[in-house]
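*Asks:* The primary structure of each chain is shown beneath.
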Amino acid sequence: MTLVLLVPLLLLTAACIVLFGRGGSEYARAKTAAYPVGAAFLGAAATLYLVATEGPVSIRFYNLSSAASFAIPIGFYVDRLSAVMMTLITGVSVIIYSYSTGYMYQDRHARRYLAMICLTDFVLICMVSSANLMMLFLFWQILSYLLYVLAHNHAHPGTLGGAFKTFTLLRVADTAFLAGIALAYQLYGTLEFQDLFARAADTRVMLSLWPGMEVSGATVVTLLFFVGAMGKSAQFPIHLWLPGSLFAPTPVHALLHAGIINAGGFLINRLAPLFGLSSTTLHVAFVVGTLTAILGASMMLAQNDIKKTLGFSTIGQMGYMIMECGLGAFALAVFHLIAHGLFKATVFLNCGNVIHKARQEPHFPHVDHQTEEPGLSRLTWFTGFVTTLFIPLLILLVTHGVLRIPLLESQGTVIFLFFIWITSSQAILTLTRLRQVASWKVSAAMLMTLLFIVFVYLFAVESFTQFLYPDPEEVASYFKAADLTDWLFDLMIVTATILTVAGWFYLYMSAHGMSVRMPAWIDGVRIRLYLPFMNRLYADELYALAGQTIMRVVHQLDKRERGWSQ
Amino acid sequence: MMDGTLIPWLLAGLPLLGVLACLPFQSDPERLKRSAVAWALISLGSVVAFAGRMDVAPEGLLPLYLLPLAATISILGQPVHEHHRLSWMLTLLFLGLGISALNSRPPISLLSLTLLLILIAGLLYRHHSTLWPRSWWGIGTYSLGALGAAVAAAADAPLSSIASLLACAVLLPLVPFHDGHVTALTRLPGSLPSFIVVLLPLVGLHGLATAMPSVPDIVAWAMSLFALVGASYGALKALAQSRVRLLLAYGSLSFFSILWWFAAASRTATPRAALLVGTVGLATSGLMVAWQVIRTRYGDDVDPQAISGLAAGMPQYAVLLSLLALAAMGLPPFGVFAGFMGLLLSPPFPSLAGLFVTLLAWLAASWYIMQMVQRLLFGIRRPELRYTDLLRSELASLLIVVLVLLALGLAPTTLFAAEGTVLDTDTIGESPTWNH
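As they're listed, the protein sequences go chains X and H. Quick note: the first sequence uses the working numbering, first residue 1, plus one each step. Quick note: the second sequence uses the working numbering, first residue 1001, plus one each step.
Treat the hints with care, since some could be wrong.
[Stated by the list, open to error] Stretch by stretch, here's where chain X covers chain H in the computed footprint (C-beta under 8 angstroms, at least three residues):
(1) 1236-1250
(2) 1282-1289
(3) 1350-1356
(4) 1363-1377
Honestly, the hints are just simulated from the structure, not real lab data. This structure is a prediction, so every number in the text was calculated from the model and none was measured. Where a beta carbon is used, it is the ideal one built from N, C-alpha and C, also for glycine.
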């Protein structure tokens, strides 16, 4: 029990060590504070072991029978999900903090910055181990403000604008979250997670939004929570704060993209039993996630600066994560956010080096690479054929036969397999453009690696799902709740198949010098789309226009009214 | 041992005694200020000492604690200047009348209230300027409030209830009786605006607790409608302001209207309501003191657009102002958030649409307050401005507000009143109109 409390307290101690002390000892204190941060990681790992072997830990500093006694009921509930998140956050924090002590060395604001990093970690840990929705929201809100503080540099107007945008957009999402909490309490009479889930499952409440239109209470509540999650996880159309905060120091991005942005995925997972009660919300999540994944990835391709590219890549990945939640694969979303967090933290911490190197070498990245050979060898085509047709069949057989995943009853799994297929085909399509790979050894190595990755991924995900949600019926119920209508499901599968096969067909035709008959408007659209995607779909401008319009209306109303300001 | 009936007289009398004790120091502003602060603290001490022996009102004891505290910080935050002498003594006088209105029995409480409103209307008349013709509306509103309080003292029910409710709508501002609140916060001198923004709403809430149970349904429905209009109107007007005091006046109007909406639904004023009213008042009061710091340095008519870069030049001020702004926006872990959440979680609320409007008003606060703070603190450091960080008394004043708001956000509400089952109610069976 003490161990659970020790993890956030150690991070708070680290913040205090950095913040308080005599002048001149800042660097020594910053170095010293790394020890409690490291100890917090060890504590989190030990907590994970403890929770995995002995079950969830629950600590409450308030009377459960009277939530009124404290305005903010402070308590901790650490189950496997919380413990995994705690380990991830503290692990990433150790790396980021150690990196930051060197990165911010001799910076005028290093003390404030390092303390804020430790404080953010503390808030994140408290958030993921909250015992009730109220405490979770409390730290969720503090996190929004800390993000504003971390993302802004008060002497730089661009950064200030971005930080203000971050704060206001996150507040919009937070307001929906708050409405969800108020409504959940009104409907179910509790904010304690386990009680809330039990009561929501037992009590099917219908809400009359207006005469003749009734919606399930669980749907309204989860939709409001989902909007809250959309804000933190930068989902379209409230994703704009993420590119707007890219002026912040590189380690802040590492923390942001590896930890803070995962809050949305965590929230949905924490409330999974509630989300599992509403198919509508899961379908909305699927649509929003898919849209964000597509738009994020498309915008990423059109950016010309490394941080923005990575930023939009994160948006795309977060969209993918939310899409997984929308398909009922909650554990997979957590697995994804861990993998993405570790990967993105590494990339962000390294991107400073790339920029630095690019400034030193005027021709970086190198332009003297060999020109590509024209045409593709038979071997290349063979590799592509195996990838696109043989491997998917093998995966289907293995998942169905060896892993015993009932594919016919689980739309979600089938959709994921198709996503894996498309992604791997895309990877192969990209790799085959390098003509040097057209040798038996390379092709074989590539195929084996691909197979290895796919199967390890499937195995890891399956094991991780069993670890987070040991009850297979619970997992199945989430997939069931997320089931799409048959026509939509079939449409998606057919579209995915056509896209992949058409991709190969187009490549083959182009490689053999054959012209692909395409309507002129398709070419036109392709070119015309580049500009909007490069300009991030003009979303910044649209938001600015909306803000200006609102303010113009407000000022007009103010003038018309017999006002004091006149 | 003191007789229980004497306690209200003693509590109300101490600040009035303070006014008399301050009179000899009129020629020495510094000693006068010190004396006024000391008497406000004595008043606070007396409330704490007698808290266990007083009759507890439905809204609890928090208003009684907050009044002397607000008087202390309001006086403490003012610069030592001969122009502020009258405002310091009036602050003590209003404190005495306010405590009497809260703690005495009718008709003394209503007579104290009448006198208080007449005095404020008189002060507004004294500070009336032809440049602010709208202040007539404020004077009129307070006169109407005084009339309402007097009628409530003299008449029988149901006229007394309606008259009392009218006085409440003036004190705890409700559209369309909000002009007094806006005028008082913008026109009164010295420490008075920052004190009055706490005093009048808390006194209004006390009256509301007495009047609400006997109010007819149609009146409660109209109140609820006015409250929603007020919440939106206050937020919209605050968004349009460039003057800080007006922004704060309209912003607080928006939050007080939220309270009216909940009060109209529950037909009572709970300690949670007192927490929201008290903390909104205190946060606004703190922001007014913070704005006074700017006025002290750069002149009374300073344009907020002409100030920037305070974060670098005045770090202590910047930190405290940021924290105050967070509290005023209704962010955790400060008291405004706790009060707001307390009301949100007090079942049942009457409509989803109302909830939506109140949440929008809450959201709008983060726009206009954040914009104001960001404009003052950040941006370019101006060479023509002289940056002087907080003086000791200013620091103490702002620090007390921040710490009290923090404490109120974290402390159990049972500290100020026994509140048995507000949150323990199982709401599933209650079936508000919008669910079944």
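*Asks:* Now tell me if each hint is right for this structure.
*Replies:* Cross-check of the supplied hints:
1. 1236-1250: holds (count 8)
2. 1282-1289: This one is violated; 0 residues, fewer than the three required, reach chain X with a Cβ under 8 angstroms.
3. 1350-1356: Satisfied; 3 residues make the cut.
4. 1363-1377: holds (count 7)
Of the numbered hints listed earlier, the single one contradicted by the structure is hint 2.
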